[in-house]
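Engineer: Sequence:
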Amino acid sequence: VRVRVRVRVRVRVRVRVTTMRRQSSTLLAAAVLCLAVGASQGDVDPACPLEFVLERPGAGFGHRISSLIVALELAEKQGAALYLVDDYWDPGDKRQRVDDYREAWDFIRVPPVSQAPYVPDALQRTQNVTMKHVLMGFPPRGPGMPCGTRAYVSTGKPGDCGAKFCVYRFPGLYDRMVPKLRQLIDYDRLPVSQKVQRFIDEGKIVVVWHIRYGDIRIRIADDVIDAMKARVDAELAGHEVEHLILVERVELFMKHHPDIGERTNMHFLEVQDAMAAFAELMRAHVLASTGSSYSFAAAALAPPGRQVHLMMPPKEARGCKDPEVCTDDGKNGYYRGYFFSQNTVPLAWDGQALKGYEGKEAAMLQSMGASRSVPLDVADAHHEAWLQEFEPA
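Take the position in the sequence shown, starting the count at 1, then add 428; the result is the number in the working numbering.
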């Protein structure tokens, strides 16, 4: 009796993408990850192993995304692996409410340091540094971090990048790193929109407004909001549009804009869970952000061509009225750091598009109305030369 047995073996390999590099037994894994992540990872150099471990900022989700983007830039320039401390996405500790961001581990594929394959003979030193120390250690000011170091990098401490999360020191930071951050996002595991999606299913174009009114209050004038809304409605004429103001609590928001609902015919979208609110911002056809890094982060992770981001200057850049002013040193350097071209139209504090971007705003809104998407060549359009290459200030 001859028995023929056919065995089919299916091997499923799941690669968790990180910005790691390794020597000896982990060289192959590092090479695979380098190919997967591309330019967002430093070159694999087993002769000089180096790891950055990003400490948790004592702030909200937007600041944590900002710190992560800065760290990605530093790790790439330094040729380092990047990890996060194990409590990086834990609830915040500087707010009256308790925001829980731990869901971010599911879709932002930068692993905790507890998952790092520590190699004692390769990583000989562990030290605590600040972003400022790392910046000062870059060539030409210094030789860089010593080989064989695992550096725990803190952000936002007094005296560290002016306690402003370092963004202003990196002209063009978001513009360079947002596409690379998207390579580390598992879009199948993002938080799911519950409320905005309902309006989308009804065939409406959804405009979500994130008007900051929290711990750092930035009073956006009513006439600026009215003018922005009128411009959006004009470009979307003929379509059914739903304007929603995302708030944590309506009664708190109404203290700052008491008549906005009846004056503008906008409706409130009350969401108290931080990650659920983040999902609603990401899902909007049009997102109007008014200076908060939280809404900047949502726009940064929105898929290319799937959102029109009307971006007012960062809260740190009050007084930024035109590209020339926005490139000044000091606080207006934040606009250079936070701005990213994809999906985005930069605005001044009067709500008007910066010079050169008027056409992009009209084209994106019209395309979103016609097809619920924007061609990538339009979404990526870049109309200024004031985003410089990396050069720590």
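Mixed in with the good hints there might be a few duds.
Here are the computed lysine to any residue pairs in the SDA-like style, where the Cα-Cα straight-line distance is at most 25 Å [to be verified]:
id, residue 1, residue 2
1, 608, 805
2, 623, 600
3, 657, 544
4, 608, 544
5, 657, 692
6, 783, 659
7, 505, 659
8, 623, 696
9, 743, 811
Keep in mind the hints are simulated off the structure, nothing from the lab.
Engineer: A separate judgement is required for each hint: does it hold in the structure or not?
Structural biologist: Verification of the supplied hints:
1. Simply put, residue 608 and residue 805 have alpha-carbon atoms about 18 Å apart, close enough for the 25 Å limit, and the pair holds.
2. A distance of roughly 33 Å separates the Cα atoms of residue 623 and residue 600; the hinted pair therefore is violated under the 25 Å criterion.
3. Straight-line distance between C-alpha atoms of residue 657 and residue 544 comes to about 48 Å, which puts the hinted pair past the 25 Å bound.
4. For the proposed pair residue 608 and residue 544, the alpha carbon gap of about 21 Å is at most 25 Å, so the pair holds.
5. With a CA separation close to 8 Å, the supplied pair residue 657 and residue 692 stays within the 25 Å bound.
6. Under the criterion of a C-alpha separation no larger than 25 Å, the hint pairing residue 783 with residue 659 is consistent with the structure, at around 16 Å.
7. A hinted pair counts as satisfied when its Cα atoms are at most 25 Å apart, and residue 505 with residue 659 does not qualify at roughly 41 Å.
8. Proximity of residue 623 to residue 696 is assessed by CA-CA distance (about 11 Å); at most 25 Å being required, the pair is judged to hold.
9. With a CA separation close to 22 Å, the supplied pair residue 743 and residue 811 stays within the 25 Å bound.
Hints 2, 3, 7 from the earlier list are contradicted by this structure; the remaining hints agree with it.
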